[in-house]
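Q: This is what each chain is made of:
4 protein chains.
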Amino acid sequence: MSIVIKVGIVGGTGYTGVELLRLLVMHPEVDLQVITSRSEAGTLVSDTYPNLRGRLDLPFTEPDVNKLAECDLVFFATPNGVAMKQVPELLSKGVRIIDLAADFRIKDVAVWEKWYGQTHACRELIERAVYGLPEINREAIKGCQLLANPGCYPTAVQLGFLPLLENNLIQTDYLIADAKSGISGAGRGASVGSLFSETSGSFKAYGASGHRHLPEIKQGLNAMQSSNVGLTFVPHLLPMVRGIEATLYARLTPASQSDLSLEDIQALYEQRYKDETFVDVMPLRSHPETRSVKGSNMCRIALHQQEDSDTIIVLSVIDNLVKGAAGQAIHNMNIMFGLAESTGIEHVALMP
Amino acid sequence: MSIVIKVGIVGGTGYTGVELLRLLVMHPEVDLQVITSRSEAGTLVSDTYPNLRGRLDLPFTEPDVNKLAECDLVFFATPNGVAMKQVPELLSKGVRIIDLAADFRIKDVAVWEKWYGQTHACRELIERAVYGLPEINREAIKGCQLLANPGCYPTAVQLGFLPLLENNLIQTDYLIADAKSGISGAGRGASVGSLFSETSGSFKAYGASGHRHLPEIKQGLNAMQSSNVGLTFVPHLLPMVRGIEATLYARLTPASQSDLSLEDIQALYEQRYKDETFVDVMPLRSHPETRSVKGSNMCRIALHQQEDSDTIIVLSVIDNLVKGAAGQAIHNMNIMFGLAESTGIEHVALMP
Amino acid sequence: MSIVIKVGIVGGTGYTGVELLRLLVMHPEVDLQVITSRSEAGTLVSDTYPNLRGRLDLPFTEPDVNKLAECDLVFFATPNGVAMKQVPELLSKGVRIIDLAADFRIKDVAVWEKWYGQTHACRELIERAVYGLPEINREAIKGCQLLANPGCYPTAVQLGFLPLLENNLIQTDYLIADAKSGISGAGRGASVGSLFSETSGSFKAYGASGHRHLPEIKQGLNAMQSSNVGLTFVPHLLPMVRGIEATLYARLTPASQSDLSLEDIQALYEQRYKDETFVDVMPLRSHPETRSVKGSNMCRIALHQQEDSDTIIVLSVIDNLVKGAAGQAIHNMNIMFGLAESTGIEHVALMP
Amino acid sequence: MSIVIKVGIVGGTGYTGVELLRLLVMHPEVDLQVITSRSEAGTLVSDTYPNLRGRLDLPFTEPDVNKLAECDLVFFATPNGVAMKQVPELLSKGVRIIDLAADFRIKDVAVWEKWYGQTHACRELIERAVYGLPEINREAIKGCQLLANPGCYPTAVQLGFLPLLENNLIQTDYLIADAKSGISGAGRGASVGSLFSETSGSFKAYGASGHRHLPEIKQGLNAMQSSNVGLTFVPHLLPMVRGIEATLYARLTPASQSDLSLEDIQALYEQRYKDETFVDVMPLRSHPETRSVKGSNMCRIALHQQEDSDTIIVLSVIDNLVKGAAGQAIHNMNIMFGLAESTGIEHVALMP
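For the protein sequence lines, the chains are A, B, C and D, in the order given.
For the first sequence, my numbering gives the first residue as 148, with consecutive numbering after it.
For the second sequence, my numbering gives the first residue as 148, with consecutive numbering after it.
For the third sequence, my numbering gives the first residue as 148, with consecutive numbering after it.
For the fourth sequence, my numbering gives the first residue as 148, with consecutive numbering after it.
A portion of the hints provided could be inaccurate.
Heads up, incomplete: computed chain C residues facing chain D, CB under 10 Å, no partners named [claimed, not checked]:
#: 1; residue: 151
#: 2; residue: 153
#: 3; residue: 198
#: 4; residue: 202
#: 5; residue: 203
#: 6; residue: 255
#: 7; residue: 281
#: 8; residue: 388
#: 9; residue: 431
#: 10; residue: 432
#: 11; residue: 438
#: 12; residue: 447
#: 13; residue: 486
#: 14; residue: 490
#: 15; residue: 498
Bear in mind the hints are in silico, worked out from the structure with no lab data behind them.
Glycine included, every Cβ here is placed at the ideal spot set by N, Cα and C.
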């Protein structure tokens, strides 16, 4: 018997929103009921996103709690700080929530307020929120009412470090994550810095002195090994639309260094992820390309070690809009509603 | 009751081949049996195309007629001149054929031999072959054994001119098709001219003195109105992977010019394509973007006319690898085997 | 003896402005005195454009007529409609002016006001302004006080058609210019349509029902042959930063068709441009690439004709920011001040 | 009085070769005499590189020692292993040599032979060769006959680490260089991996288990502080033509950590490079973009440190074809021949 989930989206005009739409209109168990956008209310969604012409007849509408309350599930694809103001009422009406922004990702509210520069509007819900990284939190996700969908960089980095930390293999005081993202991660807002003529054919680091995803990543890594990791995280801007690559550096502990070959560590990765549909441990010494996951919900990972070195290099790639946002959100929805996990997100990456 | 079509692919390493694979592994009624490649025989398909990891376990194999003969349908995704040598034997064994190359597209063998620079190896089959543009040839496609899948430029240009010609609206002696294609159209062969560093951030015409798709387009246009069109066709190379845009120019006949407004012509386009799943007539004076069809089987068309001008401007966009190759081939397969036409090719374009 | 020209720039923050700066800091006879920008006044130019670090110590300043009046020459790199308000006062103080915007390009003020949507603020100067296409107007440029620098598309299109029209070779009632531009042509303003994620990997026409450069081009073409040309002009947006390619279509008159081979026409082009430093007539049937002029002031042109066709195809490429804007402006400055024409604009294109 | 240097280039068809040509045709003190290429002998250089049309009339010629021996200086822009076979004869005839390949970069011949997979053909010259990083070796460069021009990654990485090592500030056993390069670094050879359709819109690491530039970088870093550094170096491939960005990570020694603020370290960088024309220490916490050096010989560097961290982050950008190859070679030529160091390489980066 098929379940049809009545779904609403708050904030459908950004890239996360349209990616949700792209995937949800092809999802066999979803009935899209409402898509809100203050700025575009009254216009057809397919006027903004012509890829949806003929596939979605809904207009953007003004946010309306009563309309949203008729949904089984509401996705918030809004800027940080919006969901926290609307979620309590919807939860009280029995609607389940997946927030794709950062409002409920960080458990320590003081840390959240420092990095996001605003006062949290509903601290009491933070503890109830489940951090939606299925590979770690599957059981908690099943029953949750309020899900905090992980950030894009945190997804790629956490999945890359996970087996090293769970197995206590590395020196946790000095981890490095050198991460690179396509420009869609900066969103659809009009800004000079995201213009084609400002970014094409060029590359740079940004946020090198400190980026909001640092505390989210550290919280996740700390939980994996009950440690207090020392992490340096530097994001960079790639001249391409979609894709994140994270190159991770970690020194083996002396014990692991003497006991384990790189092949052994590869085996631990393969074992850890063997039942995960959306994590692909590639053959040892592969070089995963971001295009191998473009438009798909996969995370591909590969391991390297240089001669005479105690450093493990982990290469991890995702599509920031899919596994790093909308795809993972739908994966979480599938788990929350008891569907087969890969329903509607089995698309093969577009390559070339 | 579901039909499962046993499918083989000859020449699976090129971009047309991998695009067939991407779409066919998600097609609910297809059982992929054999994928041949002389150069890559023995290696896993997913080693060349990691987007298929976990989705396709087949290796490339040497071409083997007996293996292919067990299929219901064989796609040829080979260079021009290969299919014509292998098709007769397979046809004789009852296998149906879709050739994605040019071997069977041109009815006048002398024209074919001149433009393709080789002697045709099985002239007797040319007449039997059905030209697979579903919007024109649907009935003939249903029963055909040998289908010639249209070229990429010819698809975009013919669908753009079709309603003008069928309705006798234009002066056929002077048509212009200024067409632009992404670089994937040049194939996956190693050539200096297709290197990233030779093409990125640059644009040029090519084949401006004459291109192989000219006779194919003319044959198609001539059939639409029993005319002998005068066509100038100039292709250009875009610094992007996928997508074709054709800007078409045609002068209205004096009669049409006095009788018909642009709105009337728009209505004729909408009428002509109203039952076509894969042709989208956009609102008048739209500017279709190639990205609105990226990865999808859609052709989007829009009309313009400048002030005090008798010239109709038609803008037509497709994804050269989908509607211009693999997607249209699968559309044809669906028609040949009695499936719903859009089975397995309903993917929404990736945008952004 | 060297002449040093004291130069001011009004509106230095846009792409035309920074390109002027790039070229002028390397120009041996220029002393940059003032660069105005309302929005950035007080900040160093090199903070906005780090390529100028160590080469230009000036800050942006508020526009100040007295400061500008100390210059020999002021470039206006402002939006349309700004120069016309400031030019009269500067002219009256003896400053010579080069306007890179459209304020003084169109002689028929009614046409200008219709296409630019504003009332012209100093109609009396329009007639005095010299249209700065050196290949046509060299003598007038020498003595002029107020120069209207041509638009980017008009430069590429006019130079392409020029020898055909000057020699009365073509049917002027039906010319087509299918032109394509890099995104820098849209300027540095923050707009969703120019974002990397909206334009990368995609292509589209724009302004297909009518674009402001149409009347400028027609005015130029009409002057070449005392005709009233029928021109269809469709611009397109290329996923790259710099470069314009125009593909031009014109039918030979019956007389030219019978009298002249393509080689003869090639000879006329070579003859017409043999003394022009910045127009390169390439070998017959070449395909000029925009990258062959990237960062340089060259226009490269090539001719084609398809079999059994009376249509001449002209391919014309320029860098829209150099020959299409800043480079041509400096070329004009050199002529106005009696310098060798190529002074400071001899840079070889960056390739690859 | 001007000196005119008679120059030859061996291997002028690759990207390093054409970049030498672009810069040398604009160099006021160079007379280009001969450009060899086995594959293109007999054709005009400007047929392969139309940006040189009208600027360089030379054809490619077969390599001919007698012709080369008439030059004052010969650049080798050849694949690794070519120069070492031809250099001895030319040196013996009094020609000075700049090798842009790796033949003479590594002092330990066993290390060279291991990484480059061939036997060195003239070991005796290795010691005589001067490593041409002007910021370190200026005095030795002045009188040298045989100069080994540094690799692209090694230039960006060494200049980034230099002040840290010269001042003994960091723990040298664990340095990380996460470097990213545009595709022109892979050369102009036809290979599937460098096709536009294989690389555009995608990003990946390569050589993560070990890359040839690792021993060159280590040799350089070791010399800066008489240490034996532990270095992990991972290169990545950017979807753009030109540019390298290296993000460097180094832990301060406990002493530096307690004694020095980031501002102090910034001051050391500024002091070290204050007289260097081609190294720009940007303001603290800047994010240098590769486009800010595109086409120019600059290296731009910026420093960062994250909260509560003992790790210094250095961002270093160059144009791999200029400061990473041809521009640095000309800088070295200028020093060798007593010209002002920046002669002919003062071009401002093309931006946008």
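Q: So, for every hint listed, does it hold in this structure?
A: Quick rundown of the hints versus the structure:
no. : hint : in the structure
1   : 151  : 18 Å, violated
2   : 153  : 20 Å, violated
3   : 198  : 4 Å, holds
4   : 202  : 6 Å, holds
5   : 203  : 9 Å, holds
6   : 255  : 34 Å, violated
7   : 281  : 17 Å, violated
8   : 388  : 5 Å, holds
9   : 431  : 14 Å, violated
10  : 432  : 14 Å, violated
11  : 438  : 8 Å, holds
12  : 447  : 7 Å, holds
13  : 486  : 18 Å, violated
14  : 490  : 13 Å, violated
15  : 498  : 4 Å, holds
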